[in-house]
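**Q** The lines below spell out each chain.
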Amino acid sequence: MNKIISLICGIIFGIGLTVSQMIDPAKVLGFLNIFGEWDPSLAFVMIGALIISSPFFHLFKNNKKPIFADKFSYSNNKEINKKLIVGSSLFGGGWGLAGLCPGPAIASLALLNLNSVSFVIFMFVGFYLVKLSDLTTQAR
Amino acid sequence: MNIVNFTPISAFLGGSLIGLAVVIFFVFNGRLIGISGIASNFLTSKDNRFDNFLFLIGLIIGPIVYKIFSQQEINITISNSFYLLAVAGLLVGAGTRIGGGCTSGHSISGIGRFSLRSIVATITFMIVGILTVLVKNLI
Chain A
-13 MNKIISLICG IIFGIGLTVS QMIDPAKVLG FLNIFGEWDP SLAFVMIGAL IISSPFFHLF
47 KNNKKPIFAD KFSYSNNKEI NKKLIVGSSL FGGGWGLAGL CPGPAIASLA LLNLNSVSFV
107 IFMFVGFYLV KLSDLTTQAR
Chain B
714 MNIVNFTPIS AFLGGSLIGL AVVIFFVFNG RLIGISGIAS NFLTSKDNRF DNFLFLIGLI
774 IGPIVYKIFS QQEINITISN SFYLLAVAGL LVGAGTRIGG GCTSGHSISG IGRFSLRSIV
834 ATITFMIVGI LTVLVKNLI
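Chains as they are written, first to last, in this note's numbering: chain A, -13 to 126; chain B, 714 to 852.
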């Protein structure tokens, strides 16, 4: 059952990115262009998503188990450290360059756009490089 | 500052759908949606690999479903520069893994749980994103 849920959630998320036009890098770059021609739409995407999701997190956080899984499994990392700031800054730089973050980049593969494909391939290389360096650090 | 292309209603509706996906994934599967986490775990970890794969496939099917039902073309404007896309892709991939999340994981799943860590991450990547666009427009 949780396999079907995963697929359905992916589809709903992808439709949400399309309806909100966040799938379009130009729209995201418009949001980041505060000092120029500013498009505040992305803020409303976040507000919509938070209004729906936040109450449920608080309603269900004391539940012992989710409906189709044995337990809740997510990181409850609270640490605010150099890694968080450095990583988020690197991400912000890439986001500002292309106007793409992971969700919209993967969803835009549906449009068979070669530029999206290039971005996604390099994004996966980035994931892999960090995994590699984590493994080397652990091995030391 | 000059406000242009503002589409608050479709943004809010699309955002609500994203929120709905986050809620269903949490309540039924007990997991939080963070696309960078799901995508990189699909690549590097055996845990939940098939679930992650199905989610990513769904993410690609989503726009196609939208297109079929709305009968509208989805137009995007994306950079043509291979080098820019390569550098941006690497930064987004590595940065989200070092910082433990992206716009979905930190800005929605994290902030929704009132996580201070995610609020700090979101403010950081928004400031750097805004500065990057500012510098890019100056060049």
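Careful: at least some of the hints might be erroneous.
Subject to a maximum C-alpha distance of 25 Å in a straight line, what follows is the list of computed PhoX-like cross-link-like pairs (lysine-lysine) [unchecked claim]: (1) A/Lys(-11) x B/Lys759; (2) A/Lys57 x B/Lys759; (3) A/Lys64 x A/Lys51; (4) A/Lys64 x A/Lys50; (5) A/Lys51 x B/Lys759; (6) A/Lys(-11) x A/Lys69; (7) A/Lys117 x A/Lys64; (8) A/Lys64 x A/Lys(-11); (9) A/Lys51 x A/Lys117; (10) B/Lys849 x A/Lys117.
Which chain B residues face chain A? A few, computed with CB under 8 Å, are given here [stated by the list, open to error]: (11) Pro721; (12) Ala752; (13) Ala799; (14) Leu804; (15) Gly806; (16) Ile852.
Which residues of chain A face chain B? A partial, calculated answer using Cβ under 10 Å [to be verified]: (17) Ile(-9); (18) Pro11; (19) Val14; (20) Ile20; (21) Ser39; (22) Lys47; (23) Asn48; (24) Lys51; (25) Lys57; (26) Leu95; (27) Ile107; (28) Lys117; (29) Thr122; (30) Gln124.
No lab work stands behind these hints: they were computed from the structure.
Backbone N, C-alpha and C fix where the C-beta goes; we use that ideal spot for every residue, glycine too.
**Q** Are any of the numbered hints broken by this structure? If so, which, sorted upward?
**A** Hints 6, 8, 9, 10, 16, 23, 29 and 30 are the ones this structure does not satisfy, whereas the remaining hints hold.
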